[in-house]
Every structure is written in C-alpha cells, then in structure tokens.
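Heads up, the sequence shown is in the working numbering, so the first residue is 1 and it goes up one at a time.
Among these hints, one or two may not hold up.
[As the list claims (entries may be wrong)] Label pairs and their in silico Cβ distance ranges:
| # | residue 1 | residue 2 | range |
| --- | --- | --- | --- |
| 1 | Ala69 | Asp423 | 46 to 56 angstroms |
| 2 | Ser379 | Glu450 | 44 to 54 angstroms |
| 3 | Arg427 | Ser21 | 23 to 33 angstroms |
| 4 | Thr364 | Leu65 | 24 to 34 angstroms |
| 5 | Asn51 | Asp14 | 12 to 22 angstroms |
| 6 | Leu65 | Val470 | 22 to 32 angstroms |
| 7 | Ser35 | Asn400 | 35 to 45 angstroms |
| 8 | Gly66 | Ser274 | 45 to 55 angstroms |
| 9 | Leu467 | Ser48 | 48 to 58 angstroms |
Don't read these hints as lab results, they were simulated from the structure.
Ideal placement from N, C-alpha and C gives every residue a C-beta, glycine not left out.
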Amino acid sequence: MSQLEEPLSERELDVLEQLMSGASNKEIAAILTISPNTVKVHLRNIYSKLNVSSRTEASMAAIELGLFAPPGEAEPAPPEPDTEPEVTTAEEISSEVVAAEPPTAVFAPEEKPEPMLAPMLDLEPVAPQRNWRVWIGGFVAVALVLALGGWWLSQATTVGAPLVSSTTDPLDNVPPIATPFTETELSEARWYRSRALPLSLTDLAVVSSGLNLYQIGGITAEGETTPQVHVYNTSLREWQQVADKPTPISDTSAAVLLEIYVPGGRNSDGDPVSTVEAYSPLNNFWRQVADLPQPLAGSLTLANSQGIYLFGGWNGSEFVADSYLYDPVSDSWRPLPPLREARARAVGGLIDGRFYVVGGENETGALASCEVFDPATESWEVCPALTAPRSGGGAAVVLNNLYVIGGTGSETEGFSEVFSPSDQVWRIVNHPQEETESVGWQNPAVVSVETRIYVLGGSSAQNFVYLPPVYQTFIPAVGGNEP
C-alpha cells in the first residue's frame, strides 16, 4: 500500500488516531465530542478507504502509509521515576544558555541551580532506554482482553443477541490437505481448472474478501439445503470449513461491507424468507440483523460504501420489482425506486458508482434486458440488452467490465458475455471445452478476486477460473533533445 486512492478527511484522521491509541467507540465519541453512531460511520469510511476490515489492519495501514508513527516511536519513553537525572556541568549549562538566550539572560543564580536544568530536559537523550515494565503491562492487558473476549463469545448464544457463533471450534472442521494443488489449463484459452468445492452444490452464494472467497449455503447433490460455509484461499488453493450459517439457505446472493451480508433466500422447505444474517470473517461468527421488509428469494445483492442494495426477487407468489437499501449504522432497510421490470435471479455489479442489473426471469421466462441504477440520484436507466436471454447465471466485474457467466436460456449454451460500459457493447466469452463438449453452468456462483474470475458449482463441485485479457496502452517517451 503506497498511497490512498481517496484521502482521509481531518475528522477521519482524528478518529483513526484515537483508534490507534486503543480507545473504544464510546471513548472516541467522548474525546471528539461526537455521537457513537457518527464514530461508526467514520470507521466504516476509514475501513473502506484503507481497504481493511479491522482495527488492527487499519492501524497497520496507517503506519505503512505514514499517516501516524508507530506507537512508542513518536516520542522517547519517559525516564524511570526512581532514576536520578544526569548531572550537568556548569560549563554545559552556560554554553546552552548562551546558545538559546540573549546575552542579558546568560547568568543564573548560584544558590538555585535547579531552575537552570529545565531547558536541558527538552534535549533528546543519546540512547533512551525503553520502559520494559510498560511493555510487559501492555502485553498482560491484551492477553486478559483476548481471554475475556473469548469467554464472552462462547456465552453469546441467546436468540436475537448481537452474536450467533459456531458451537464448535472451526479448526475441528478443517479438511486435511496434504498435497499442493496445481491449476490445469483447459482447451479453451484463458480457462483453468482449480481445486474443486468440498461438495457438489447449486444455487449457492459466493463473495470475495481480500484474496479469499466464501461459499455460502446452496443445494447439495442429495437435494438438501445446507448451512455450510467454506473459505477458499486463492493463493494456497485450499478449502477450509468455517462457522455454519445459522439458517440453511439457497437461491440467495451476498455482498461485503466489512461483514458478509446474506439477505433472504429459500429455506429448507423451499420457501422465501426475510431473515438477514451477517458473517464476520475476522471473528468467524454470524449475527442476525434487521429482516427484509418482505420474504424474498432470487434477489440480487450488491454493495457500496453507503450500504447493502437489494434488487428484485420472488416473494412466494409473484416476481417483484422492489428495491431496498440497508444501512448498517441504523440497522434498517428503506425502499428505493423499483426496477423498470420485475425479475428474479438477475445478475449484476457495480461499475463507476452505478449498479447494473442484467437478465433474470419473470412470468414471461428468461430475460435479456439490462437496467442501471444511480445511487446518487436514485434513478433507473436502460442499458443495452444481452445478446440472448439468460437466467440463473453469475456475474463479476473486472477492470470496469461486467462478465455474465452461465445461466439458462434458449440460446445461451456454450458461451457467456462481457459488457463494456465505455462503448456500450456486449461481447461473447467462449466456455472451456472438456473433451468435445463445451462446459455449461446452471445456477453457478461467480466472483472475482483481483483479475481472476471464479465459477463455482452449478450442479457440480467444479471450480473453474477465467483470466480476462488485460489491455495496456504504452505511450513512447520523446527525448527533450529530439527535433
């Protein structure tokens, strides 16, 4: 991290400074004379701008960017209370006073030399000693906080409590992976096969956070709706099971805003639900937040720094065009202008601050239409339609292009599509080939990690990776002495 794409405001710097000192949200609010909710808003913006998800990461990022000095290095440690000050000679006192004051202030009373030592206290010691008792006390305090925090997490099992944690140690479920995995290139250029999911799934949700991607719920090969959650380390290419989602779910989507939010979906009976649960990757626990205004399945969930956006869905009796915005600070949903066309199982993404909602289905069948929502004006516009109707696919944004992968439709077998907002054109992306047949996906999960697109599940345990082409423009430098 070399520089910030968006600088922190003065108030955000004040909050960050207090955060690095170890102050709690309430203490920061009292020190800066603001409300705790305002502190939460500032912290959310700080995390977003620094691209971090915790206080520790924010502190480290601030030090790395040079916003603040590391604790303990900004100023030398004060001397021990029982340490006697160094004795300064009269010649040193006299030379210091001559250098610092006019000639009329050179002489000091001989009977009271102590006041003349005051200017010398500002001098930086040649080799300051570290106060090891302070450091040891700090480590003991941190250990006590962690121990008490672990006990509190284990006790928070009451329904409706701010915490819903796993009943078992997540490390107990880690599958043993003895050998490294090497991705293999498929016959179609730019497609690779990565390590498969731990189980075959369809109608699952997936999001990425950092270099990890998270599989949430879905329907197994046996037709059961699962609460299982797995995290895939894209660097090590390893899967690990983490805390189960409290509510088994399928036909849903998810978005990340510090935590992973999973709104609605279908329960084990196949009915739409209004339950919304949030997962903390840092702490490996789930908590329930405000319910949706109505039960919905097949909705599209996206996010920006303001909140969680939900578009369309199916409420159990009809397809809806309803749209909502969730505010994590107030823990509440509010309605937004509806879609121009009711739809469920649409896909989309955030590009240049606007949300694209593409394809899906309603009572007429699979859709090709495209709509774009501007959060600044809270208004909808029409965008170019897909080349063919498509429902139940997945989407990811890479380099400001929207990739729509898989799904079902009358003419979508064997290819996916990519939309470029700059020229408003959809282009074909060929699927990988296995033997003589093209791979297709029905209800897969699609997500991007950096410039790689992962396509998971879709009635299987397969995990494919697509590497979109990256175009760079080089402008030759012209020497100043050339004509």
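Hints and how they fare:
1. For Ala69 and Asp423, the hinted distance range of 46 to 56 angstroms is satisfied, since their beta carbons lie about 48 angstroms from each other.
2. Distance hint check for Ser379 and Glu450: the Cβ-Cβ separation is about 32 angstroms, which falls outside the suggested range of 44 to 54 angstroms.
3. The hinted range of 23 to 33 angstroms is not satisfied by Arg427 and Ser21, whose Cβ atoms lie roughly 52 angstroms apart.
4. Range check, Thr364 to Leu65: about 52 angstroms between beta-carbon atoms, so the 24 to 34 angstroms window is missed.
5. Between Asn51 and Asp14 the beta carbon distance is about 20 angstroms. The supplied range of 12 to 22 angstroms therefore holds.
6. Here the CB-CB span from Leu65 to Val470 is close to 27 angstroms, well matched to the stated 22 to 32 angstroms.
7. In this structure the hint that Ser35 and Asn400 lie 35 to 45 angstroms apart at CB holds, the actual value being about 37 angstroms.
8. Between Gly66 and Ser274 the beta carbon distance is about 46 angstroms. The supplied range of 45 to 55 angstroms therefore holds.
9. As the Cβ distance of Leu467 to Ser48 is approximately 27 angstroms, the hint placing it in 48 to 58 angstroms is violated.
Checked against the numbered hints given earlier, the structure breaks hints 2, 3, 4, 9 and satisfies all the rest.
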